[in-house]
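Model the full structure from these sequences, guided by the hints.
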Amino acid sequence: MNLSYLIRRLVAVLVVMAIVTVAVFAITNVLPGNAALMILGENATAQNLAALERQLGLDRPLLVQYFDWVSGVVRGDLGMSLRLGLPVAEVVGSAFINSMWLAGLALAAVTVISIPLGALAAIKRGTVYDTGIGVFSYVGTALPEFVTATLLLVLFASPANPIFPAGGFADPMEDFGLFLTHAALPVATLGLVLMAHISRQVRSEMSEVLSSDYVRAARIKGLSERRVIWRHTLPNSMAPAVAVISLDIGYLLGGIIVVEEIFAWPGLGRLLIYALQNRDLPVIQAITLVLAVVYALSNLISDLVIAKLDPRVRYG
Amino acid sequence: MGRILSTSNGVAGVILLTIVLTAALFGPWIAPYDPQLFHSQARLQGPSATHWLGTDQFGRDLLSRILNGAPSTVLFGMGATSLGVCAGTVIGVIAGVAGGRTDGVIMRILDGMLAMPELLFTLLIVTFLGGGTLQALLAVGVAFTPGMARIARSAVLSVRTREYVLAARARGESRSWIVLREVLPNAIGPIIVEATIRVSFAIMIGATLGFLGLGAQPPSTEWGLMVSEARQFMFRNPWGVIIPGIAIAMTAMGFNLFGDALRDAFDPKRSL
Amino acid sequence: MNFLTLKRRHVLMGLAATTALPSISFAQSGQPVSGGTLKISHSTRIATLNPLSLSGPAEYPCIDMLYSRLTRIGFDSQPHPDLAESWVASPDATEFTFTLRAGVTFHDGTPLTADDVVATYQAILNPDIPAAATSVLNMIDTVEALDELTVRFTLSSPFADLPFSTAHANACILSRSALDDLTGLETRVNGTGPFKLETYDSARIVRMVKNDNYFVRGRPYLDAVEMLLFPDLAAETANFLSGTTDVMLTVQQADFERIAGSPGIGGQRVNSGRYVCVVMRQDAEPWNDVRVRKALAKAVDRQLLVDILLEGLGRPAYDSIVAPELQYATDKPEIAYDPEGARALLAEAGYPDGISVTMVASDRPAIRSQTAIVMQQTAAAAGFNLDIQTMPHDTYLANVWRKGPFYIGYWGMQPTIDATYNLLLTSEAAYQDSEWKNEEFDALIQAGRSTTDEAERARIYAEAQTLELAETPYIVPFYEDVLTANRDNTNSWQVAPISRYFYIENVWLDS
Chain A
50 MNLSYLIRRL VAVLVVMAIV TVAVFAITNV LPGNAALMIL GENATAQNLA ALERQLGLDR
110 PLLVQYFDWV SGVVRGDLGM SLRLGLPVAE VVGSAFINSM WLAGLALAAV TVISIPLGAL
170 AAIKRGTVYD TGIGVFSYVG TALPEFVTAT LLLVLFASPA NPIFPAGGFA DPMEDFGLFL
230 THAALPVATL GLVLMAHISR QVRSEMSEVL SSDYVRAARI KGLSERRVIW RHTLPNSMAP
290 AVAVISLDIG YLLGGIIVVE EIFAWPGLGR LLIYALQNRD LPVIQAITLV LAVVYALSNL
350 ISDLVIAKLD PRVRYG
Chain B
257 MGRILSTSNG VAGVILLTIV LTAALFGPWI APYDPQLFHS QARLQGPSAT HWLGTDQFGR
317 DLLSRILNGA PSTVLFGMGA TSLGVCAGTV IGVIAGVAGG RTDGVIMRIL DGMLAMPELL
377 FTLLIVTFLG GGTLQALLAV GVAFTPGMAR IARSAVLSVR TREYVLAARA RGESRSWIVL
437 REVLPNAIGP IIVEATIRVS FAIMIGATLG FLGLGAQPPS TEWGLMVSEA RQFMFRNPWG
497 VIIPGIAIAM TAMGFNLFGD ALRDAFDPKR SL
Chain C
548 MNFLTLKRRH VLMGLAATTA LPSISFAQSG QPVSGGTLKI SHSTRIATLN PLSLSGPAEY
608 PCIDMLYSRL TRIGFDSQPH PDLAESWVAS PDATEFTFTL RAGVTFHDGT PLTADDVVAT
668 YQAILNPDIP AAATSVLNMI DTVEALDELT VRFTLSSPFA DLPFSTAHAN ACILSRSALD
728 DLTGLETRVN GTGPFKLETY DSARIVRMVK NDNYFVRGRP YLDAVEMLLF PDLAAETANF
788 LSGTTDVMLT VQQADFERIA GSPGIGGQRV NSGRYVCVVM RQDAEPWNDV RVRKALAKAV
848 DRQLLVDILL EGLGRPAYDS IVAPELQYAT DKPEIAYDPE GARALLAEAG YPDGISVTMV
908 ASDRPAIRSQ TAIVMQQTAA AAGFNLDIQT MPHDTYLANV WRKGPFYIGY WGMQPTIDAT
968 YNLLLTSEAA YQDSEWKNEE FDALIQAGRS TTDEAERARI YAEAQTLELA ETPYIVPFYE
1028 DVLTANRDNT NSWQVAPISR YFYIENVWLD S
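Protein chains in written order, with this note's numbering: chain A, 50 to 365; chain B, 257 to 528; chain C, 548 to 1058.
Note that these hints are calculated values from the structure, not bench results. Just so you know, nobody snuck in bad clues.
Below, simulated DMTMM-like cross-link-like pairs (lysine to aspartate or glutamate); rule was C-alpha separation at most 25 Å, straight line:
#: 1; chain 1: C; residue 1: K950; chain 2: A; residue 2: D108
#: 2; chain 1: C; residue 1: K950; chain 2: C; residue 2: E832
#: 3; chain 1: A; residue 1: K173; chain 2: B; residue 2: D520
#: 4; chain 1: C; residue 1: K950; chain 2: A; residue 2: E102
Now the structure itself:
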């Protein structure tokens, strides 16, 4: 792992960011209607519309609007939300933090649960545990998030059975306990598919390692089973699990869109849908930028971690 | 096929797929009622003798609506995936066969497209196209293309150096002949496996888009849309959301399991 | 109509007298007490607090609490004094003089003067400033301050309903200095209303606190009001039922029975003139033929729509956009669901085999596409083959609204017949989309607004409504009720049929 590789990867991230912003800008401007029309809704007389477009700067040529935005970003100014009248940085920033809480909790819960689960399945290969976990992971990957979310709501948040609140958000800084009850169902929804992926991956990798010569040698040497698993098998099985986790970041970033919408969680996903519906271009740009960067950076970090864990991997 | 049926995954997959494909092929004809007909006296009912799966908020029979939505759901999944597979395979084969600069450029572009999370990408495209079943299909197809291209490319790359290809080149066969007769047939395996598994993702994404209001539009019987419309009445009649949800899950699982069994059949060295 | 008071009403004097509120039953347990924080849940975002141009359903309660207007529509759908203590009109209804209350201050302590009123109306009438109230105030020629507390409006044409227009929800009075910073209006508030803005987080909460210097003595009772956003209906309902919130601003028809029947909760159902309409563009076939329009009118099962879509919480309507509650509204004859009659009419109009058309419905609010779906079913028997096309609201606004030939519209209730007709049906209407342009109708509406003689106005508007029914420019299948709910500890919570006026300063909580 050398510096030049790292630099090349970071440059690639910047290039991707640039392409994404141009693409999003182009797409949103081809869409019918603009932010002014969405703000006024069916109150939009031609006169009101023109006045608002002037006020929002939407009557300027497209290139001017784009470069204006880019020069702002470079200076650290993400502009003003057209629909909400607030600085984009503020709006997107707080949404980002809320989404990170959700994603972070989901990843943490999943890692803690599914690595042992996958290991268990590999160790107890062919038994009921193994089959059970196999079935669970198949069902998990076949349920779209909105189905899982709706089923969880019907089971755990109906008025007849209100174990958890049916969505909404509480500030973790103010009341962490309440925050957790609100986060329980969305985290469970996001986590289900992740758990399925990761436990499957851990299981498959561990199975291979367990039947490898390396482990056979350790067993012949007389090492205890526990030692074989903890010291020799698990660390070598982790690399693909990390790879899957990083792939799942991509899934997570897509999944939060639906989950946040259903559970009314004020994160990036909800904000993006709102911004798309209202043609709030500066917000759309900022969110796609953030998501692309997070995705690219997480890929980079996971590549680095894999290299650390698995000495066979070399990057040049 | 024998090998597929030898694993429990395979058997389960084949069973599920048979159910789903039967519904898809014959659904609209075996449905007991007109899926759009209102039975206004029997709204939001659970399963009963007259309506085996219950009714929705307009009094429409759920069983009929599910059966009616089966062909479009399955066709959506297969259509979007085929689109992605065709486009992706063409691009991937070109990249793999051409090599060098062309390959490099194509890979950069694919990496750029893959830098965006799939659902987000699909969401942007479908918003751009304006929502609707066809637009959603196109969007999912386009979103699948880079991934399929990569698979096709690596399949081609691994075949390129095999003996039969080298032999054909030594014989002086033309490029396109080699591609068509030697490379493609051997590379097709991984592509088909990936495609089958992707059909299940396409169905799930299509249902999600329908749920978000960006895919199929009312009064379509698309299953994701059915869940979205029934959500408002979720606590009055949970069957309205449970039944289409199960239908989606069964279909996605069927294709998933079948694809996995296919992969095992193609490559018996892989142990799971 | 009391003819003894006609003479006084000729000059349209409004007096600062208490007026009787219509009897909507609400639990009243004893004397009002001060204190407490009222929590109101809503499901649409409060995207802005700029009163000039906002239009969101949850934004109106906010500006009703933060700002005041010259006049204000009450629960009886009549204008009452707000910042204006009284007003006098010239006999020909071209000059109105409003006298302001003395001693009113803005939240920052500066006094309200006639100059602020003038500045506000100049801003509303300014073509470079987007303002929703312009369409009902565009007959104003000049606004001038005669002295510190007197404002005179001179109109370019007679308009008897000006006090209704000055009560327009978006005609809030702003201070001259606030108008210098239009962008600031979106997030900052300096009004004269019963509550002051404390917190504005559009993603979650808007919190307002008591204005101790409100010009109505002894009001508001509440210490604070919080507007809490729950974009998911299930979450909003669950939180309301569990006691986290005190009021649910809007209740969906599907949940009303369940919510209203829950212990400790009272539901309210107010007849309103909010309607869905079927827009048929009449400058082209087939809708230019009145027989085709009338055939479609017979192909709609209005009672079924009320039963299935509104769960009975509404009233069937018979193709007039005028709400039955409005002054001068006439009774409309029932139009039955008659597929045979419709078929016959279609055949007469030259379509013996029926018609196939595409109907567009936006997905917001959902009742549009639901109406389309039901219509598709009922109209099929009548020879209308409707192909429903639903689309996201943003696409509809950009591509279909006021451009498409056949789609579903959705409008709230206006306070007067004049406002209702001028919104859509006159030839120069602000949102004309049917291309139904009838000179006789225009003349009637013009005459109706130019006189203050009530008997004359009644006659004119009756004729206009008859004309509307004869021509069927729109199909209006039902009027929706306004639905809201509150916990039993919340007293005097009410929503006006026009659902933009809430009088939250009268609400109090049990201690």
